[in-house]
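Colleague: Sequence:
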Amino acid sequence: MRIPILKLHNYLLISIQTEIDDNTAIQFQEDLLSKIHQSGATGVVIDLTSVDIIDSFIAKVLGDVVTMSDLMGAKVVLTGIQPAVAMTLIDLGIHLKNVPTALDLEQGLIKLYQELGE
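The UniProt record's numbering applies: residue 1 is where the sequence shown begins, and numbers increase by one.
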């Protein structure tokens with residue numbers, strides 16, 4: 001299964017609507033980095049509202065996606081992080097300190113707009 005990546009102006013929007021397995025996570029990482037490179041996107045919003053739990057591998061991939069996107073010049077905002085996901089990230093030592101977050105996709109777009117000074 002592939003996770004859809006939508007383009008809106010200079011931003012990429014991703015809403016993960018289901019629990020993801022290891023293969024889907026790796027495919028998502030590759031697809032997102034390729035899309036950033038192809039589109040020249042300056043910002044990415046990843047909505048995790050529908051993700052109730054994640055394992056250590058998925059958490060690592062998520063942290064890596066944020067770092068890699070930043071290296072490619074795209075700022076990432078995470079939205080809709082559920083309490084169990086937040087606890088898992090912290091328990092695994094994935095702190096994402098400089099990653100902006102928001103409650104939902106709409107607020108995430110506003111935060112991304114502010115972060116990029118547009």
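There could be a bad hint or two in this list.
[Claimed, not checked] Calculated pairs, EDC-like style, for lysine to aspartate or glutamate (alpha carbon to alpha carbon, straight line, at most 20 Å):
hint, residue 1, residue 2
1, K75, D64
2, K75, E106
3, K60, E106
4, K7, E106
5, K35, D91
6, K97, D70
7, K7, D22
8, K60, E115
9, K75, D22
10, K35, D55
11, K35, D52
12, K7, D91
13, K75, E30
14, K7, D104
15, K60, D91
16, K60, D22
17, K75, D104
18, K97, E115
[Unchecked claim] DEER-style ranges, computed between Cβ atoms:
hint, residue 1, residue 2, range
19, I94, T49, 29 to 35 Å
20, D55, G117, 20 to 26 Å
21, T49, D21, 30 to 36 Å
22, Q27, T67, 31 to 37 Å
23, T18, K60, 16 to 22 Å
24, D31, N10, 15 to 21 Å
Hints are computed from structural coordinates only; laboratory data are not their basis. We treat Cβ as the ideally placed atom computed from N, Cα and C, and that holds for glycine.
Colleague: Look at each hint and say if it fits the structure.
Modeller: Against the structure, the hints:
This hinted pair checks out: K75 and D64 have alpha carbons roughly 13 Å apart, not beyond 20 Å. Proximity of K75 to E106 is assessed by CA-CA distance (about 16 Å); at most 20 Å being required, the pair is judged to hold. Between K60 and E106, the direct Cα distance comes to roughly 26 Å. Violation of the 20 Å bound is thereby established for this hinted pair. Pair hint K7 plus E106 holds up; C-alpha atoms about 15 Å apart against a cutoff of 20 Å.
A hinted pair counts as satisfied when its Cα atoms are at most 20 Å apart, and K35 with D91 does not qualify at roughly 31 Å. About 13 Å separates the Cα atoms of K97 and D70, which keeps this hinted pair within 20 Å; it holds. In summary, the hint linking K7 to D22 is not supported, as the alpha carbons are separated by about 24 Å, beyond the 20 Å threshold. Restraint check for K60 and E115: not satisfied, since their Cα atoms lie roughly 24 Å apart, outside the 20 Å limit.
A C-alpha spacing of about 24 Å is found between K75 and D22, which places the hinted pair above 20 Å, so the restraint is violated. This hinted pair does not check out: K35 and D55 have alpha carbons roughly 25 Å apart, beyond 20 Å. Our distance criterion of 20 Å between C-alpha atoms is broken by K35 and D52, whose separation comes to about 26 Å. Distance hint between K7 and D91 is unfulfilled; the C-alpha atoms sit about 33 Å from each other, more than 20 Å.
Restraint check: the Cα-Cα separation between K75 and E30 comes to about 17 Å, which is no more than 20 Å; the hinted pair holds. In summary, the hint linking K7 to D104 is supported, as the alpha carbons are separated by about 18 Å, within the 20 Å threshold. At most 20 Å may separate the alpha-carbon atoms for a hinted pair to count; K60 and D91 meet this at roughly 12 Å. Of the supplied pair hints, the one linking K60 and D22 holds, its CA atoms being roughly 11 Å apart against a limit of 20 Å.
Distance restraint check for K75 and D104: the Cα-Cα separation of roughly 17 Å lies within the 20 Å cut-off, and the hinted pair is therefore satisfied. The straight-line distance between the Cα atoms of K97 and E115 is roughly 15 Å, inside the 20 Å bound, and the hint therefore holds. Our hint of 29 to 35 Å for I94 and T49 is violated, since their Cβ atoms are close to 19 Å apart. Between D55 and G117 the CB atoms are about 36 Å apart, so this pair departs from the stated range of 20 to 26 Å.
Judged by the Cβ atoms, the range 30 to 36 Å given for T49 and D21 is violated: they are separated by roughly 19 Å. Take Q27 and T67: their Cβ atoms lie about 18 Å apart, and the range 31 to 37 Å is violated. Hint check: T18 to K60, Cβ distance near 19 Å, so the stated range 16 to 22 Å holds. The supplied range of 15 to 21 Å is met by D31 and N10, whose beta-carbon atoms lie about 18 Å from each other.
Checked against the numbered hints above, the structure breaks hints 3, 5, 7, 8, 9, 10, 11, 12, 19, 20, 21, 22 and satisfies the rest.
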